[in-house]
Amino acid sequence: MKRYIYIMLFMMTLGCFCAGCLRQEKHGAKENVDYAVCKKENLPKELAARINEQKDKVFHFTYSMKETMYYVIGYGKQTGSGYKIRVKKMTMDEGHVYIDTNLIGVPKRQQEKGYSYPYIVIKSQNYEKDVVFL
1 MKRYIYIMLF MMTLGCFCAG CLRQEKHGAK ENVDYAVCKK ENLPKELAAR INEQKDKVFH
61 FTYSMKETMY YVIGYGKQTG SGYKIRVKKM TMDEGHVYID TNLIGVPKRQ QEKGYSYPYI
121 VIKSQNYEKD VVFL
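Here the numbering used here is used: the first residue of the sequence shown is 1, the next is one more, and so on.
Treat the hints with caution; some may be incorrect.
[What the hints assert, rightly or not] Distance condition first, Cα-Cα at most 27 Å in a straight line; then the derived BS3-like pairs of lysine-lysine:
#1 Lys66 x Lys77
#2 Lys39 x Lys88
#3 Lys40 x Lys89
#4 Lys66 x Lys123
#5 Lys129 x Lys57
#6 Lys129 x Lys113
#7 Lys108 x Lys66
#8 Lys129 x Lys88
#9 Lys66 x Lys30
#10 Lys30 x Lys57
#11 Lys88 x Lys108
#12 Lys55 x Lys30
#13 Lys108 x Lys129
#14 Lys123 x Lys30
#15 Lys30 x Lys77
#16 Lys123 x Lys88
In short, the hints are calculated from the structure, not lab data.
Using the sequences plus the hints, can you model the full thing?
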């Protein structure tokens with residue numbers, strides 16, 4: 001019985017010690033980022049070509065031009081047309097820009113009409129921070 005108690009005390013002590021060694025990264029307060037959704041006809045030619053190359057699969061990348069950053073999110077080949085992409089939020093902290101989007105589906109009757117390749121291009125200031133696509 002004493003041996004069981006000692007083993008339990010040792011395990012609890014070890015657990016507390018290990019938990020104290022965990023590293024927690026605390027991010028500062030996130031602030032909203034000003035952005036605009038770009039129309040296809042307003043995209044730089046090089047960016048439009050890169051999107052066209054990758055449109056068959058799910059993708060996300062950034063494209064910078066001096067003070068401007070383009071954040072590109074594509075949802076790959078989808079059945080039907082009429083899909084919409086919504087920017088849920090775009091925020092940043094001291095080291096990262098966070099972008100959260102979602103694909104809004106279409107009714108079944110629209111899914112029978114060919115294929116589409118929904119993507120969104122978000123234009124913003126170049127903050128020179130790492131980007132996290134959520």
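Subject >> Hint consistency between Lys40 and Lys89 [alpha-carbon to alpha-carbon, up to 27 Å] >> reply: Given that 27 Å is the threshold and the Cα spacing comes to 21 Å, the pair holds.
**OP:** For the pair supplied as a hint, Lys88 and Lys108, confirm whether the alpha-carbon distance does not exceed 27 Å.
**Re:** This hinted pair holds, its Cα atoms lying about 24 Å apart.
**OP:** Would you mind confirming whether the straight-line C-alpha gap from Lys129 to Lys57 stays at or under 27 Å?
**Re:** Distance ~25 Å between Lys129 and Lys57 Cα, so the pair holds.
**OP:** Take the C-alpha atoms of Lys30 and Lys57, compute the straight-line distance between them, and say whether it is at most 27 Å.
**Re:** violated (31 Å)
Original post:
Within a Cα-Cα threshold of 27 Å, do Lys123 and Lys88 meet the stated pairing?
Top reply: The given pair, whose Cα atoms are some 15 Å apart, holds under the 27 Å limit.
**OP:** Compare the distance between the alpha carbons of Lys55 and Lys30 with 27 Å, and conclude whether the hinted pair is satisfied.
**Re:** violated (31 Å)
Original post:
For the pair supplied as a hint, Lys129 and Lys113, is the alpha-carbon distance within the 27 Å limit?
Top reply: violated (40 Å)
**OP:** Below or equal to 27 Å on CA atoms is what counts here, so check Lys108 against Lys66.
**Re:** Cα-Cα ~43 Å, so violated.
Original post:
Taking 27 Å as the top limit, are the C-alpha atoms of Lys129 and Lys88 close enough?
Top reply: holds (20 Å)
**OP:** Given the hint that Lys66 pairs with Lys77, test it: the Cα-Cα distance must not exceed 27 Å.
**Re:** violated (31 Å)
Subject >> Holds or violated: Lys66 to Lys30, with C-alpha atoms at most 27 Å apart >> reply: holds (24 Å)
**OP:** Sort out whether Lys30 lies within 27 Å of Lys123, counting only the CA atoms.
**Re:** holds (19 Å)
Going down the numbered hints, you'll see the structure goes against 1, 6, 7, 10, 12, 13 and 15, while the others check out.
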